[in-house]
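Taken in order, these protein sequences are the chains called A and B.
Residues in the first sequence are numbered consecutively from 1, following my numbering.
Residues in the second sequence are numbered consecutively from 1, following my numbering.
Note that these hints are calculated values from the structure, not bench results.
Backbone N, C-alpha and C fix where the C-beta goes; we use that ideal spot for every residue, glycine too.
The reader is advised that the hints may include incorrect statements.
Unchecked claim - Result set (PhoX-like, lysine-lysine): computed pairs, CA atoms no more than 25 angstroms apart in a straight line:
#1 B:K44 / A:K69
#2 A:K42 / A:K29
#3 A:K67 / A:K42
#4 A:K42 / A:K31
#5 B:K44 / A:K67
#6 A:K31 / A:K45
To be verified - A few chain A positions that, by computed beta-carbon distances, are all more than 10 angstroms from chain B:
#7 I4
#8 D23
#9 T25
#10 K31
#11 A35
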Amino acid sequence: MSEIDPCEWCEEVLQPYLDRELDETDEAKVKGHLAACGWCEKRYKFEEDLRRLVRRAAVSPMEPALKQKLAELRLEL
Amino acid sequence: MSETSSEEARRLAQGARDRVRFEEEALALADQVYRVARGVSRSKEEAEDLMQETYARAFRSWQSFTPGTNLRAWLLRILTNLNIDRGRRAQRTPDSQPLEEGDYFLYNRLEAASGETDEERVIERLSQDHIAEALAAVPHDFRDVLVLVDIADFSYAEAAQILDIPIGTVMSRLHRGRRTLKQQLAELSVGAS
Numbered sequence: 001m002s003e004i005d006p007c008e009w010c011e012e013v014l015q016p017y018l019d020r021e022l023d024e025t026d027e028a029k030v031k032g033h034l035a036a037c038g039w040c041e042k043r044y045k046f047e048e049d050l051r052r053l054v055r056r057a058a059v060s061p062m063e064p065a066l067k068q069k070l071a072e073l074r075l076e077l
Numbered sequence: 001m002s003e004t005s006s007e008e009a010r011r012l013a014q015g016a017r018d019r020v021r022f023e024e025e026a027l028a029l030a031d032q033v034y035r036v037a038r039g040v041s042r043s044k045e046e047a048e049d050l051m052q053e054t055y056a057r058a059f060r061s062w063q064s065f066t067p068g069t070n071l072r073a074w075l076l077r078i079l080t081n082l083n084i085d086r087g088r089r090a091q092r093t094p095d096s097q098p099l100e101e102g103d104y105f106l107y108n109r110l111e112a113a114s115g116e117t118d119e120e121r122v123i124e125r126l127s128q129d130h131i132a133e134a135l136a137a138v139p140h141d142f143r144d145v146l147v148l149v150d151i152a153d154f155s156y157a158e159a160a161q162i163l164d165i166p167i168g169t170v171m172s173r174l175h176r177g178r179r180t181l182k183q184q185l186a187e188l189s190v191g192a193s
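Chain A on its own, in the form it takes in the complex (with noise of 0.2 angstroms):
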């Protein structure tokens, strides 16, 4: 009997894992494996630090004077 190598499975479902999209039986089997995987632990550290980058990157104050302009478009009473 063949079984999936685990760490393949868990490349697979890495990224639904990340944004907390899988079911409690699939989240609990990649928590399982992640505790015991080096190198699935590194591979998710890393996605995980990736995305809080991104995130960070992503904030970027609006103008006030685009804030003022929009107040601006709101319809005559």
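Place chain B on chain A using the hints.
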């Protein structure tokens, strides 16, 4: 007669109040909407234009919003549709990269360049400018999904609804979008060699 007109006046006043409340709630979400606009646009100017078009359309069609539903998702649906309408999707989808290369590419490359094995050190080599530049280079179809999930924190189902595409498409675009992002980052941070 006078009863009818006072009824009518009450109705109008209520309508005006609803509209003002809608406008205020929409404006209160502007910072969050802007993050997405900035994420899906190539430049700040483009993002600002997109914001103004989005809000102009939202204010005009406020009556089509169902109170009690997700206003942020409603606004972002307008924004992403406008973005498509404006023909910002002219960019070609890059040829897909083999999975094994794409997914380990950045990591291996950064690790090789820095001689570091600690993942936190590897990630530190990426500057915020690198990230923003790399994000701008991701094709629009992929980037829209990536921005909605990673930056705006929507679920796959919500992103699917906003973009009017199946969940499976959200997942594959997200996967490919992140992979493209990693490839771009590897190019930018390590330099083509």
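- Going through the earlier hints one by one, which of them does the structure break, listed in rising order? 3
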